[in-house]
Amino acid sequence: MSSETDSPLLVTPLNALHRELGAKMVPFAGYDMPVQYPLGVLKEHLHTREQAGLFDVSHMGQVILRGDGVVDALEKLVPGELKALKEGRIRYSFFTNDQGGILDDLMIANRGDHLFLVVNAACKVADIAHLTAGLPGIEVEYLGDDRGLLALQGPVAATVLARFLPEVATMPFMSMVNASLKGIPVTIARSGYTGEDGYEIGIDADRTEDVARLLLAEPEVTAIGLGARDSLRLEAGLCLYGHDIDTTTTPVEAGLTWAISKRRREEGGYPGDAIVRRQLAEGAARYRIGVQPEGRAPAREHTEIQDANGQTVGEITSGGFGPSANAPVAMGYVTAGNAAVGTPLSLIVRGKALPAKVASLPFVPQRYYRG
Amino acid sequence: MTIRFTEDHEWISVDGDVATVGITTFAQSQLGDVVFVEVPEAGRALTKGKDAAVVESVKAASEVFAPVDGTVVEGNQAVVDDPSLVNSDPQGAGWFFKMTLANPAQLDGLMDQAAYDAFVEGQH
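Each protein sequence line maps, in turn, to chains A and B. So in UniProt numbering, spot 200 of the first sequence is number 200, and the numbers just go up one at a time. So in UniProt numbering, spot 117 of the second sequence is number 117, and the numbers just go up one at a time.
Calculated directly from the structure, the hints in this document are not laboratory data. One thing to keep in mind: the hints can contain errors.
Claimed, not checked - DSS-like cross-link-like pairs, simulated, lysine-lysine; straight-line CA separation at most 27 angstroms:
no.: 1; chain 1: B; residue 1: Lys98; chain 2: B; residue 2: Lys50
no.: 2; chain 1: B; residue 1: Lys48; chain 2: A; residue 2: Lys357
no.: 3; chain 1: A; residue 1: Lys76; chain 2: A; residue 2: Lys86
no.: 4; chain 1: B; residue 1: Lys48; chain 2: B; residue 2: Lys98
no.: 5; chain 1: B; residue 1: Lys50; chain 2: A; residue 2: Lys352
no.: 6; chain 1: A; residue 1: Lys24; chain 2: A; residue 2: Lys43
no.: 7; chain 1: A; residue 1: Lys76; chain 2: A; residue 2: Lys262
no.: 8; chain 1: A; residue 1: Lys352; chain 2: B; residue 2: Lys48
no.: 9; chain 1: A; residue 1: Lys86; chain 2: A; residue 2: Lys352
Claimed, not checked - Label pairs and their calculated CB-CB ranges:
no.: 10; chain 1: B; residue 1: Asp51; chain 2: A; residue 2: Glu301; range: 18 to 24 angstroms
no.: 11; chain 1: B; residue 1: Gly109; chain 2: A; residue 2: His302; range: 32 to 38 angstroms
no.: 12; chain 1: A; residue 1: Gly22; chain 2: B; residue 2: Asp51; range: 30 to 36 angstroms
no.: 13; chain 1: B; residue 1: Val73; chain 2: A; residue 2: Arg350; range: 18 to 24 angstroms
no.: 14; chain 1: B; residue 1: Asp51; chain 2: A; residue 2: Thr335; range: 29 to 35 angstroms
no.: 15; chain 1: A; residue 1: Tyr368; chain 2: B; residue 2: Val73; range: 50 to 56 angstroms
no.: 16; chain 1: A; residue 1: Gly337; chain 2: B; residue 2: Gly92; range: 48 to 54 angstroms
no.: 17; chain 1: A; residue 1: Thr312; chain 2: B; residue 2: Ser84; range: 47 to 53 angstroms
no.: 18; chain 1: B; residue 1: Ala78; chain 2: A; residue 2: Pro355; range: 37 to 43 angstroms
no.: 19; chain 1: B; residue 1: Ala105; chain 2: A; residue 2: Pro355; range: 26 to 32 angstroms
no.: 20; chain 1: A; residue 1: Gly22; chain 2: B; residue 2: Ala78; range: 39 to 45 angstroms
no.: 21; chain 1: A; residue 1: Gly337; chain 2: B; residue 2: Gly109; range: 50 to 56 angstroms
Fair warning: this is a prediction, and the values are worked out from it, not measured in the lab. Positions of the beta carbon are idealized from the N, C-alpha and C atoms, including for glycine.
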C-alpha cells in the first residue's frame, strides 16, 4: 500500500461509479480505489471464480512504444522473448536492474506498428523514465489518465463479452485485438490477474464508465474491488510487485524463468544478465515458494519462516485467507534447501510457531482459455 | 445487565460477577468477512487495553483488547469453529470470551450505548 499522504489522490474514470455502487474507497498507488463493494471481499472473490467479476484497473500504466528497432531496443531492458512475439500476441516480462533484480513486471503486446505495455501503477512513473532513458530514438507515449482499463474475469467472462463481440469467444489466451463494443472503440486482451479466463479492456477515459455499465448490466457480472483482486491472484500463485518481487529478487529466485526464452538465456543482453545466467546454471540461494499453513490462522506478509530446527530460513511475502481454497494461503522466500514441495516449515505468528508446508503453486487450478 | 464500549470497538456486557466481551457491529462492518478468530484460554489474566483475542478478515489481522482487568472464564469455541458468527451476530452469538472483573470501577471509564453511538458517528 502506498503511504503518500499530502498529495491529493488521483481518480480513475470510474470514481463516481464506485461511489454509486457503495464501494469502500482506499488510497492505492496514489489513486482513490475501491477495496471492496457492499458484497464484501469473500463473496466478491467467490463470485469471480464462479461467474464473472469486473475490476477497475485504470490506475495501471498503459504505454505505447513506437519507432524503428523498437523490439530490439526493448529487449535491452527486459529478458522476454520479443523478437518471436507475433503480431497480436502478449507476453509477460519484467524490467531488470544490473543486479538482476526486478524493477517492475509488465505485459508487452505486439500491435504491429507499435508495442503496447501495461505496467504497475506504483511503478509507472519510474518505468516511463526508465523507458525514456533506455530507449533512445523510440517514442514513449504514456496514455496516462486519458485511458481507462477494465478487467472482466471469471468462467463466464467469455460468454458475457461474446454477447457484444462474438469473435472474442475464441481469442487465444494472451492475444489482443481492436474492437468496437456498442460503437465504443476498445482494445481487448485475453489476459488477467485472477487465474481465471477473462479479458482486459482498454477504453478512452470518457467512455470507460459506459463500457463498465454495459458489462455490469449483465446478470453474471458484479463489481470486484482490490481486496478480492489480491486474494484471487494469491490463490493463483501470481506475484504482486513490491511484495513477492522487487529490486532485490531475481527472476530465478522468484521462479519466473519460464518467462525467459532459451535464446534470451543464452544470449543475455538485458540488465543483470550475467547474474541471472549464473543462477540458472548454479541455482539461487533462495526461492519463492507457496506456503500452506496447516491450521486456520493466516500468516501475513513479513511473517518469519523457520525450518524444523527453529532456524530462520525466510519470510512470507504475501499471505492471507484463500476463499476458494477455504484455507489460509501464502507465498514467501526460503533458502534453497527448504524449497522443495512438502518441506515442513514453521511460521512465527504472534510469537507462536505454527506448522506449515511448502505447497505447489497455484493453490487453485488456473483456468485460462486454451482453445 | 450493563453494556459498555471501548474506543477500540469492543463491547463488554456485565451480568453479576461475569462479563462477556466481543466486537461491535460497527467493528465487524469495518473488518469485513471474518475468517479466523483466536480466543484466550480460561484462567488467563487480562490487562485493560492489552491483547486478549485475535480477529482476522480476508485482508488483515486485528487484535481484540481487554476492556478491563480480569481473568478469562471461557473462550467462545463457537466463533473459533465458525468465524462468520462475528459478522452475522457480533453482539450475540459472536462473543469472544467471558471474564471476571478485577476492578469493576474500570467500567465507569467506558462508554455507554449513547456515548458509543456518538463516537462511531464521529468516525465517519
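Structure-based check of all given hints:
1. B:Lys98 - B:Lys50: holds (16 angstroms)
2. B:Lys48 - A:Lys357: violated (37 angstroms)
3. A:Lys76 - A:Lys86: Satisfied, since the Cα-Cα distance of roughly 19 angstroms is no more than 27 angstroms.
4. B:Lys48 - B:Lys98: holds (14 angstroms)
5. B:Lys50 - A:Lys352: Since the Cα atoms of B:Lys50 and A:Lys352 sit roughly 18 angstroms apart, the hinted pair holds (cutoff 27 angstroms).
6. A:Lys24 - A:Lys43: With a Cα-Cα distance of about 15 angstroms, the restraint between A:Lys24 and A:Lys43 holds, given a limit of 27 angstroms.
7. A:Lys76 - A:Lys262: It holds: about 16 angstroms lies between the C-alpha atoms, which stays within 27 angstroms.
8. A:Lys352 - B:Lys48: holds (23 angstroms)
9. A:Lys86 - A:Lys352: violated (52 angstroms)
10. B:Asp51 - A:Glu301: 18 to 24 angstroms: holds (20 angstroms)
11. B:Gly109 - A:His302: 32 to 38 angstroms: For B:Gly109 and A:His302 the Cβ distance comes to about 35 angstroms; the hint holds.
12. A:Gly22 - B:Asp51: 30 to 36 angstroms: holds (33 angstroms)
13. B:Val73 - A:Arg350: 18 to 24 angstroms: holds (22 angstroms)
14. B:Asp51 - A:Thr335: 29 to 35 angstroms: Taking Cβ atoms as reference, B:Asp51 and A:Thr335 lie about 32 angstroms apart, which means the hint holds.
15. A:Tyr368 - B:Val73: 50 to 56 angstroms: holds (53 angstroms)
16. A:Gly337 - B:Gly92: 48 to 54 angstroms: holds (50 angstroms)
17. A:Thr312 - B:Ser84: 47 to 53 angstroms: Violated: the Cβ-Cβ distance is about 35 angstroms, outside 47 to 53 angstroms.
18. B:Ala78 - A:Pro355: 37 to 43 angstroms: violated (24 angstroms)
19. B:Ala105 - A:Pro355: 26 to 32 angstroms: For B:Ala105 and A:Pro355 the Cβ distance comes to about 43 angstroms; the hint is violated.
20. A:Gly22 - B:Ala78: 39 to 45 angstroms: violated (30 angstroms)
21. A:Gly337 - B:Gly109: 50 to 56 angstroms: Check passed, 54 angstroms falls within 50 to 56 angstroms.
Checked against the numbered hints above, the structure violates hints 2, 9, 17, 18, 19 and 20; every other hint is satisfied.
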